[in-house]
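Participant: Residues per chain are reported as follows:
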Amino acid sequence: MSNAPAGDIATQPAAATHSHRFVVMLRRLPWGRIGMPLVLIAMAVFFGTINPNFWSVTNLTNVSRQISVLALISIGQTFAILSAGIDLSVGSLLALVSVACAQGMLEFGLVGGIVVGVLAGCLAGLVNGILIAKARIPAFIATLGMLVAARGLALTLSGGLPIAGLPHEFLFIGAGYLGPFPVPSVIAAVAFVVAYVLLSRTRFGRYVYAMGSNEEAAVLSGINVVKYKIMVYVVSGLFAGIAGVVLTSRVISGQPTLGEVQELYSIAAVVIGGGKITGGVGGIGRTLMGVLVLGMLSNGLNLIQVSSYVQNIVVGAIIIIAVYIDLARERRR
Amino acid sequence: MTATQLQPFLEMRGIVKRFPGVLALNGVDLTVYAGEVHVLLGENGAGKSTLIKILSGVFPPDSGTILFQGRPVTIRNPHDAQLLGVSTIYQELNLVPDMTVAENIFLGREPMLLRRFGLVDHKLLVRQARELLASLNLQIDPQAVVKRLGIAQQQMVEIAKALSLNSRLIVMDEPTAVLTAHEIDQLFSAIAELKQRGVAIVYISHRLDEVKTLGDRATVLRDGTWVDTVRVADTSIDQLIRMMVGRDLMEKFPKIQVALGDEVLRVEQLSRKGVLHDISFHLRRGEILGIAGLVGAGRTEMARAIFGADPFDAGQVLMHGQPVDIKSPAHAIHKGIALVPEDRKRHGILAHLSIKHNITLSALGAFSRGGFINRQQEHTHAQDYAASMRIAAPDIERWVHYLSGGNQQKVVIAKWLSSQADIFLFDEPTRGIDVAAKVEVYQLMNELLKRGSAIIMISSELPEILGMSDRILVMRGGRICGEFLRAEATEENILDRALRGAPDNQSAMETNVTNGDMT
Chain A
487 MSNAPAGDIA TQPAAATHSH RFVVMLRRLP WGRIGMPLVL IAMAVFFGTI
537 NPNFWSVTNL TNVSRQISVL ALISIGQTFA ILSAGIDLSV GSLLALVSVA
587 CAQGMLEFGL VGGIVVGVLA GCLAGLVNGI LIAKARIPAF IATLGMLVAA
637 RGLALTLSGG LPIAGLPHEF LFIGAGYLGP FPVPSVIAAV AFVVAYVLLS
687 RTRFGRYVYA MGSNEEAAVL SGINVVKYKI MVYVVSGLFA GIAGVVLTSR
737 VISGQPTLGE VQELYSIAAV VIGGGKITGG VGGIGRTLMG VLVLGMLSNG
787 LNLIQVSSYV QNIVVGAIII IAVYIDLARE RRR
Chain B
90 MTATQLQPFL EMRGIVKRFP GVLALNGVDL TVYAGEVHVL LGENGAGKST
140 LIKILSGVFP PDSGTILFQG RPVTIRNPHD AQLLGVSTIY QELNLVPDMT
190 VAENIFLGRE PMLLRRFGLV DHKLLVRQAR ELLASLNLQI DPQAVVKRLG
240 IAQQQMVEIA KALSLNSRLI VMDEPTAVLT AHEIDQLFSA IAELKQRGVA
290 IVYISHRLDE VKTLGDRATV LRDGTWVDTV RVADTSIDQL IRMMVGRDLM
340 EKFPKIQVAL GDEVLRVEQL SRKGVLHDIS FHLRRGEILG IAGLVGAGRT
390 EMARAIFGAD PFDAGQVLMH GQPVDIKSPA HAIHKGIALV PEDRKRHGIL
440 AHLSIKHNIT LSALGAFSRG GFINRQQEHT HAQDYAASMR IAAPDIERWV
490 HYLSGGNQQK VVIAKWLSSQ ADIFLFDEPT RGIDVAAKVE VYQLMNELLK
540 RGSAIIMISS ELPEILGMSD RILVMRGGRI CGEFLRAEAT EENILDRALR
590 GAPDNQSAME TNVTNGDMT
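Residue numbers (the working numbering), protein chains in the order written: chain A, 487 to 819; chain B, 90 to 608.
It is worth saying that the hints were derived from the structure and are not from the lab. Predicted model, so just to flag it, every value in this text is computed and none were measured. You may find that some hints are simply not true.
[Unchecked claim] According to the in silico footprint, chain B covers these stretches of chain A (three or more CB under 8 Å from chain B):
hint, segment
1, 678 to 691
2, 702 to 716
[Said to hold, decoys possible] Stretches of chain B that chain A covers, calculated by requiring three or more beta carbons in the stretch to come under 8 Å of a beta carbon on chain A:
hint, segment
3, 285 to 291
4, 422 to 434
5, 453 to 459
6, 520 to 533
For each residue, glycine too, the CB sits at the ideal point set by N, CA and C.
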């Protein structure tokens, strides 16, 4: 390595050999893979040192439950962003799904309500997908329209009021446990596994990356871009549907005001994890990292008694720093 | 050349540049005098682009010195390069498509009416631009919107812009790759004018014939090392090639003759309003049908229509004697047609997918069950193709983005080989790739023919058309205006048809000539 990066090494060659090797070794580490886990560990150590309660089983269980809804919509968002699109409607869909789920449950019973809720999410996603893939409306605009409209629909259907009187057993989904694990956390974990398999092992997943990397080339490679784009938004709607049902159970009522600005946090989770906002680069593991960072951050800052106002400042800064680091790394290559 | 007695305008000495895993430049020297055209030669991946990017401040060298008129300088960014009088004209032009010529030339340096309020003096802007263009003998309207100009004219605008920046060294990266013969003449006379003014030019090209006509001296790079700097007049093309590849190329066009088989494709009266008119031809197994013509003659449009990428209004396509109605590229691929597109970056590669995923993209169905990909099979397949195509990369998990142009093209071709197609539409298959890689592409075509495939090869390089085709169609203004068998085709008769159309209606088509790009 004659072209050492630092000039000062030349002036003290003997002493520097060791540290130089160390620097070179550091540089060769696969930072893309280990960077985020290291950040998570550092955060956990930091919060745990200031407030040992952070490490308590109760608290960690809480964190996993708290992040489950964000986790679910971020999974859907990952598909949208990977395909070079975006889904701004997922926050509002939580409200629409919640209202649909509650009304459906009063009408058709427990299972009926869950089905109606999830279907409402899928249907809204289908509309998004058709607008984007067939009518070729930019994803940002189509889902922005859906964001506003779905919220309006939720308010219209519910008359703006919460829908109460849901069966007691429904609480299991939001507040129950499977062994030591909260049910929402289990749902989110299963969803991560399913999404991971979809993205990395199936043709659909491969085509999502292909569309996001170069849509024109994907078309010329024989990919039915219209079909798979619609599928992307149905998938995003599906996960919003599941998230909406979980959230409805946690508040044990249909709420037309749920989920405001959650779409922005789901986008934040994707990009913090290292997903490229212009598509083609990212993955479900990275999104998981992003969700964990956001979840741990808000929990840890609460535990060390940072006000929620200040928390927002920190989260905003983290989003920007994370993307900046990614860009800087890319430029160096 | 008497310039050698003078002090060089630019000296780059012992330039080293390392990227992760690659030593891109290993002690390269480049000396350029004022008023000379200095050609930079080398295969793709030889380090030409890296050297140019160091010179224009895109990234710094790891070591080495750069002297301007004998004075050592540090070029930290493109702005530094600009201050030193270096302008670079890349293949992908750096103009703002929706602004006018004048606005582009003076972008960021607009003459101001009231500086305090940021008001641009539009009249003065246009007048200065007009004077500048006139001084270069360019017939370009300063108020034309850039995106409405042809590529050649856009290039001239870049050159004008470089001059307005008082550039004394202009780097041109394959400027003729996208130009027609006539446009190339324009460019060459502009270059002659620049030489007159004492501007130094560093010129990158893969077309060795134009290196001979244009170049004063040439520096040859190979695998990141400096091979030699020679006077072009004293060096033959064969010698240059030998320096570039480090060995003698056996044959430039390794054409083989395969017994022609059945007709696999027939196109009848294919028409698309304003673009294609009554296109009819047939293609047989074992045949390379070359399509010659100028840029904008409708060749790419024809290929895209057959491939289902663009619609057509009338006519039909028959495969193996049966009419087919191809509605989409997916459908075409299913029928066994492949299209290697002209614009590799836009239409060919998926830059942020791995080599492996690019190669298997069109053939995933073959490795999948119920939508799930058999990753072991996929990997083996991609590995085989990458090896047989001799794609130079450390491993097939690498992003295609990081490959050289020739290797990217091989990846695109490998993708189509994987798709089990038997009719191949090659659109400018060797554009922007080096001599050795070209021969590999030709040999690949031969392999395809032996397998019983049929090939349509669109190319703007006449030697390639003549060297590889069994039969040649010439297109002009969206029509087929000539057909030649291999034995009867010459550069002259093809060019004549491409420029003037078929003998019987040459005057009728005169009006159609510049109308290649419909919007």
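Participant: Could you run down the list of hints and mark each one as holding or not?
Facilitator: Each hint, compared with the structure:
1. Using a Cβ-Cβ cut-off of 8 Å, 4 residues of the segment 678 to 691 of chain A lie near chain B, which meets the minimum of three, so the contact claim holds.
2. Taking a C-beta to C-beta cut-off of 8 Å, the segment 702 to 716 of chain A contributes 9 residues in contact with chain B, enough for the three needed, and the coverage statement holds.
3. Figure legend: the segment 285 to 291 of chain B, annotated as covered by chain A; annotation inconsistent (0 residues with Cβ-Cβ distances under 8 Å, at least 3 required).
4. Closer than 8 Å: that is the beta-carbon criterion, and the segment 422 to 434 of chain B has 4 residues meeting it against chain A, so the requirement of 3 holds.
5. A stretch counts as covered by a chain when three or more of its residues have a beta carbon under 8 Å from one of that chain; for the segment 453 to 459 of chain B and chain A the count is 3, and the coverage holds.
6. Here the segment 520 to 533 of chain B counts 0 residues with a CB under 8 Å from a CB of chain A, which misses the bar of 3, and the coverage is violated.
Hints 3, 6 from the earlier list are contradicted by this structure; the remaining hints agree with it.
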